[in-house]
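Per UniProt numbering, the sequence shown starts with residue 1, numbered consecutively.
Read the hints as simulated data drawn from the structure, not as lab findings.
It is possible that some hints are incorrect.
[Stated by the list, open to error] In silico DSS-like links for lysine-lysine, alpha-carbon gap of 27 Å or less:
no.: 1; residue 1: K263; residue 2: K323
no.: 2; residue 1: K192; residue 2: K175
no.: 3; residue 1: K19; residue 2: K168
no.: 4; residue 1: K4; residue 2: K19
no.: 5; residue 1: K188; residue 2: K157
no.: 6; residue 1: K138; residue 2: K108
no.: 7; residue 1: K24; residue 2: K2
no.: 8; residue 1: K138; residue 2: K366
no.: 9; residue 1: K168; residue 2: K142
no.: 10; residue 1: K157; residue 2: K168
no.: 11; residue 1: K142; residue 2: K188
no.: 12; residue 1: K206; residue 2: K156
no.: 13; residue 1: K138; residue 2: K156
no.: 14; residue 1: K355; residue 2: K270
no.: 15; residue 1: K332; residue 2: K188
no.: 16; residue 1: K323; residue 2: K298
no.: 17; residue 1: K345; residue 2: K142
no.: 18; residue 1: K270; residue 2: K142
no.: 19; residue 1: K156; residue 2: K332
no.: 20; residue 1: K175; residue 2: K142
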Amino acid sequence: MKLKMTRSILLDEISKANKIIDPKAVNPELLGVYISVENDSITLLSSNGNMNWKARVNKSTDENFEVESVGNILIKGRFLIEVLRKIDDEIVELSKVENNELVIKTSKVRFNLQILDAESYPLIGFRETGAELEINPKELKKAIQQTMVSVDEYNKKLIFTGMNFQGKQGDSFLKVFTTDSYRISTKKLNLKSPLNEDIEFTITYKTLNELIRLLDGANELKMYILDGYITFDLDHNALFQTTLIEGKYPNVERAFPDNFETKLVIERQKIIKALGRANLTSEEGMTPIVTLEIDDDKIDLSSNSPDVGNYSETLTGFEFEGKEQKISFNIKYLLDAFRTFEDDKVSVNLISSVKPLEIENTTTDKSLRQLVLPLSIG
Numbered sequence: 001m002k003l004k005m006t007r008s009i010l011l012d013e014i015s016k017a018n019k020i021i022d023p024k025a026v027n028p029e030l031l032g033v034y035i036s037v038e039n040d041s042i043t044l045l046s047s048n049g050n051m052n053w054k055a056r057v058n059k060s061t062d063e064n065f066e067v068e069s070v071g072n073i074l075i076k077g078r079f080l081i082e083v084l085r086k087i088d089d090e091i092v093e094l095s096k097v098e099n100n101e102l103v104i105k106t107s108k109v110r111f112n113l114q115i116l117d118a119e120s121y122p123l124i125g126f127r128e129t130g131a132e133l134e135i136n137p138k139e140l141k142k143a144i145q146q147t148m149v150s151v152d153e154y155n156k157k158l159i160f161t162g163m164n165f166q167g168k169q170g171d172s173f174l175k176v177f178t179t180d181s182y183r184i185s186t187k188k189l190n191l192k193s194p195l196n197e198d199i200e201f202t203i204t205y206k207t208l209n210e211l212i213r214l215l216d217g218a219n220e221l222k223m224y225i226l227d228g229y230i231t232f233d234l235d236h237n238a239l240f241q242t243t244l245i246e247g248k249y250p251n252v253e254r255a256f257p258d259n260f261e262t263k264l265v266i267e268r269q270k271i272i273k274a275l276g277r278a279n280l281t282s283e284e285g286m287t288p289i290v291t292l293e294i295d296d297d298k299i300d301l302s303s304n305s306p307d308v309g310n311y312s313e314t315l316t317g318f319e320f321e322g323k324e325q326k327i328s329f330n331i332k333y334l335l336d337a338f339r340t341f342e343d344d345k346v347s348v349n350l351i352s353s354v355k356p357l358e359i360e361n362t363t364t365d366k367s368l369r370q371l372v373l374p375l376s377i378g
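With the hints as constraints, model all of the structure from the sequences given.
Encoded structure:
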């Protein structure tokens, strides 16, 4: 096996593949990146048992790509990554030699790296059939970032550790839901064509984090859902496949109220900065609590910690409609929710001190909604 290619492209592809690998994997073959060199391309494979990655590089993606001889290798990605980072030359030559080593060579530098047994690498089947969805990758990434604040990665109920997607036949969008039972996030995600059937699936938190990274820079995205797996096809050059969470997601959409007793329109940064100041008096290890007393011309915020101190502030300059309210919240939950929005001003809607608060944009994407349950303060 012998080839030449652009160092930065190889480094980028190896880094993506290596991110999938679990460094604590029991099977030694899953510690490596499998590289298959063919006449006109190389294919990189990696897996941690639950998530699989496959990417291809050829002359269309690397003008310096050139294969002299074909073959396969299995190598620990982190060593190859460190070598490629330290090399200054932009063209590198890779060759497999008889003593089970990979030679990385430039005009000035040579490295010999030990490789693993490529023959022991498991056969990975990528599913590119089933329900097919086409989505703008930038919109999917944004939707994940705006709603994953309500995912509880460590919840004992596995279904709450993921993000739920639902769509009805004929619709040109998916509804996205997340909840940790204290707050709920939702948003509509547009599709490039109507759904041919009803669909619902839930993706794990860990997969979402990987997906955010992999979607960066992608221009096209197709998703295939079949038999408990989802496969993401990125720009027709890479496949990312993972298992889905089994089980029925709770109907959290019905938790969003239709009517409210109090409605506010307030500058988003103003309330974020005030909540940040309130959080300064919170005690480590304790739930940070802020109380809001709202009337037609002011919002009084207060927080107190016996071992740290107390805080109070009055906000003015907002729109008000309805009844006065006094209500308390976990400061972190409110901050997380307000930070997901982009409008300069947001709508804040309330019913009572024991009912959840709803936040939404005032002008742009109104499908993004955050619901936060209040705290009962004795």
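Quick rundown of the hints versus the structure:
no.: 1; hint: K263 x K323; in the structure: 9 Å, holds
no.: 2; hint: K192 x K175; in the structure: 14 Å, holds
no.: 3; hint: K19 x K168; in the structure: 34 Å, violated
no.: 4; hint: K4 x K19; in the structure: 24 Å, holds
no.: 5; hint: K188 x K157; in the structure: 25 Å, holds
no.: 6; hint: K138 x K108; in the structure: 41 Å, violated
no.: 7; hint: K24 x K2; in the structure: 30 Å, violated
no.: 8; hint: K138 x K366; in the structure: 18 Å, holds
no.: 9; hint: K168 x K142; in the structure: 22 Å, holds
no.: 10; hint: K157 x K168; in the structure: 26 Å, holds
no.: 11; hint: K142 x K188; in the structure: 11 Å, holds
no.: 12; hint: K206 x K156; in the structure: 15 Å, holds
no.: 13; hint: K138 x K156; in the structure: 31 Å, violated
no.: 14; hint: K355 x K270; in the structure: 24 Å, holds
no.: 15; hint: K332 x K188; in the structure: 24 Å, holds
no.: 16; hint: K323 x K298; in the structure: 13 Å, holds
no.: 17; hint: K345 x K142; in the structure: 19 Å, holds
no.: 18; hint: K270 x K142; in the structure: 23 Å, holds
no.: 19; hint: K156 x K332; in the structure: 21 Å, holds
no.: 20; hint: K175 x K142; in the structure: 14 Å, holds
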